[in-house]
Amino acid sequence: MAMSKSTKAKFSPLTVTLFVLLTAYVLFMLVLFFWVILTASKAYYGDYIYHPTVGKNIVGWPLKFMLFENIKEINTGFADATLLSMAFNTILYSGGCSLFKVVVTCIVAYLCARYSNWFSRLVYTVVVVTMIIPIVGSQAAEIQMAKELLLYDQIWGMWLMRANFLGMYFLVFYSVFKSMPVGYYEAAKIDGANDWKIMCNIALPLVKYTFLSIFLIIFIEYWNDYLIPNLYLPHYKTLSLALYQQSRGQELKITRLQYVPYVMATVLLVTIPVIVLFCIFSERLMGNLSVGGLKG
Amino acid sequence: MSNAIMTETKKKKTNKAERRSNIFYAALMAFPVIQFLIFYVGVNFKSFGYAFMVQEKISDTEIVWHATLNNFADWFSNSTKLRDLLATTKMSLVYYGASLCVSIPLAMLFSYYIFKKCLGAKLFRIFLFIPSIVPAAAFVLTYKIVFNDVVPEVFSSVSGLRYDENQLTHILFYNLYVSFGTSVLMYANKMFDISPEIIEAGELDGATGIKEFWYIVLPLTFSTLSVFLITGVATIFTNQYNLFLFQGAPEYQSLGYYMYVLAGATVGHEQEIPNVAALGMILTAVAIPLTYLVKYCLEKFGPSEE
Chain D
1 MAMSKSTKAK FSPLTVTLFV LLTAYVLFML VLFFWVILTA SKAYYGDYIY
51 HPTVGKNIVG WPLKFMLFEN IKEINTGFAD ATLLSMAFNT ILYSGGCSLF
101 KVVVTCIVAY LCARYSNWFS RLVYTVVVVT MIIPIVGSQA AEIQMAKELL
151 LYDQIWGMWL MRANFLGMYF LVFYSVFKSM PVGYYEAAKI DGANDWKIMC
201 NIALPLVKYT FLSIFLIIFI EYWNDYLIPN LYLPHYKTLS LALYQQSRGQ
251 ELKITRLQYV PYVMATVLLV TIPVIVLFCI FSERLMGNLS VGGLKG
Chain E
1 MSNAIMTETK KKKTNKAERR SNIFYAALMA FPVIQFLIFY VGVNFKSFGY
51 AFMVQEKISD TEIVWHATLN NFADWFSNST KLRDLLATTK MSLVYYGASL
101 CVSIPLAMLF SYYIFKKCLG AKLFRIFLFI PSIVPAAAFV LTYKIVFNDV
151 VPEVFSSVSG LRYDENQLTH ILFYNLYVSF GTSVLMYANK MFDISPEIIE
201 AGELDGATGI KEFWYIVLPL TFSTLSVFLI TGVATIFTNQ YNLFLFQGAP
251 EYQSLGYYMY VLAGATVGHE QEIPNVAALG MILTAVAIPL TYLVKYCLEK
301 FGPSEE
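Protein chains in written order, with my numbering: chain D, 1 to 296; chain E, 1 to 306.
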């Protein structure tokens, strides 16, 4: 990533056009974000609409800073859950699913990379083939299977169902383990370390940053997920799903919560944790994940 | 004699160590393999089985299942289902086309901008990634409200900007806007692997700007691009394009969203599953050869890194 003379910026019509496009992209996002903060801080009646002097105050500054009052109302406004219980469900769902998924993927990738046998090759092939072959429409059968195995509408059930080694992150872990010098393992073996110790004390510590990066990416994916909880966890409302239901006026004890300032306050509540995570771990999240090609 | 004993002892030790290794391997592989057998192989077999069955209710307590091919035929003979299927297929192709023709080329160009480390490249890299971490529920709702409430307020003289007036354009634009995160990251990371000597040699030969991008950077990034193109075929059948949140008109449904709605409707109605499973099989039968065709074409006609 070291900058050389040849890759330094050179302004051409192409780069200037791209600069304009990208600047517009950033400005649009900043305007959206700024508007969310302003709107979440307004009262609905008497500010967002029916402002005493301007009529509607959709784009102006809030008449009075109401963000915390709005949040307080949201906390008690859902029919069967509080903000705290929804946040707890979201953490259980996203934390558990991502942890199970990453641990399983990491261990299977390690086994395949370290132990070259026919089964490891088979597992590798299965991962690549399932990435290339799209199987569509098995969700209905999966729901049925979850019901039969008593995993439906259980958070731990979702953990088990998501604890698979399939997907791109297997290839990422696999390439990291494959690139490790075999000498590390051999030296540890000569020193009397068994397979378990080699894995726990030598291999896994070397991939801790990759592990953290992938865990964070998957955690955020699950944090943002509303489709799966909507189908599989009807009794565990997560924040993203609650936001959707709030905007539709569903499952609300206080019906005015579906109005824009309240919805924007929930938007802030759902978004701030992932933005904070991103600010802390941005380099990890955007680090050197790369994919070379698909064989098979 | 003593050598033979030593060799024998060594062999025994190796065998013991190998056995331990095998036990360790099997113990750690057991859970992932069982999980895969149940939730991938089992689920897909179950779905396959459902596609060929129909439920018959004998009485309030007795239900029997029969083998049938009608679930497949129904999708082509029932005019309502066929119309829905064709409409959603058409929309999926529109969304995929937009992604293929606009999103992927733009993502490549943005990555090139980042690779060239032009003005603000680091900042743009971060902002392009942000939509991948912001919850779609938050982003889509904000987008919809902004275009329904704020934009008409600010640009009152311009008509047709409201989301409700022009849903398809907005759905396409939004999905384009949020599509750059992972792809730009991957393409740019691959571009950084290009040797500076190659770029310098190209510059000496007069390859700058578009020429440099087209003749040097694109071929050398093609292996990563091809991964997105190959796996992207599946999105025609699975991507929901945030339509659940957009709550757009029914004519803008994609296949992925349609399948999600159908799957949701089976909760508590097992008799509906064969219908969905049969459609899933029909789509899979189209998706697999299509994916392999794209893969074959990319390998045969795509640029070489050599």
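There could be a bad hint or two in this list.
Claimed, not checked - Simulated pairs of lysine to aspartate or glutamate, DMTMM-like, Cα-Cα distance not exceeding 25 Å: (1) Lys117(E) with Glu203(E); (2) Lys197(D) with Glu186(D); (3) Lys147(D) with Glu203(E); (4) Lys178(D) with Glu153(E).
Claimed, not checked - Chain E side only, calculated, beta carbon under 8 Å to chain D, not exhaustive: (5) Ala98; (6) Ala249; (7) Met259.
I should point out that these hints are in silico values taken from the structure, not numbers from a laboratory.
We put the CB at the ideal spot given by N, CA and C, even for glycine.
Structure-based check of all given hints:
1. Lys117(E) with Glu203(E): Judged against 25 Å, a Cα distance of about 16 Å means the pair holds.
2. Lys197(D) with Glu186(D): Roughly 12 Å between the alpha carbons, so the hint for lysine 197(D) and glutamate 186(D) holds.
3. Lys147(D) with Glu203(E): 62 Å, violated
4. Lys178(D) with Glu153(E): 57 Å, violated
5. Ala98: 16 Å, violated
6. Ala249: 16 Å, violated
7. Met259: 5 Å, holds
In summary, the structure is inconsistent with hints 3, 4, 5, 6 from the numbered list given earlier, while agreeing with the others.
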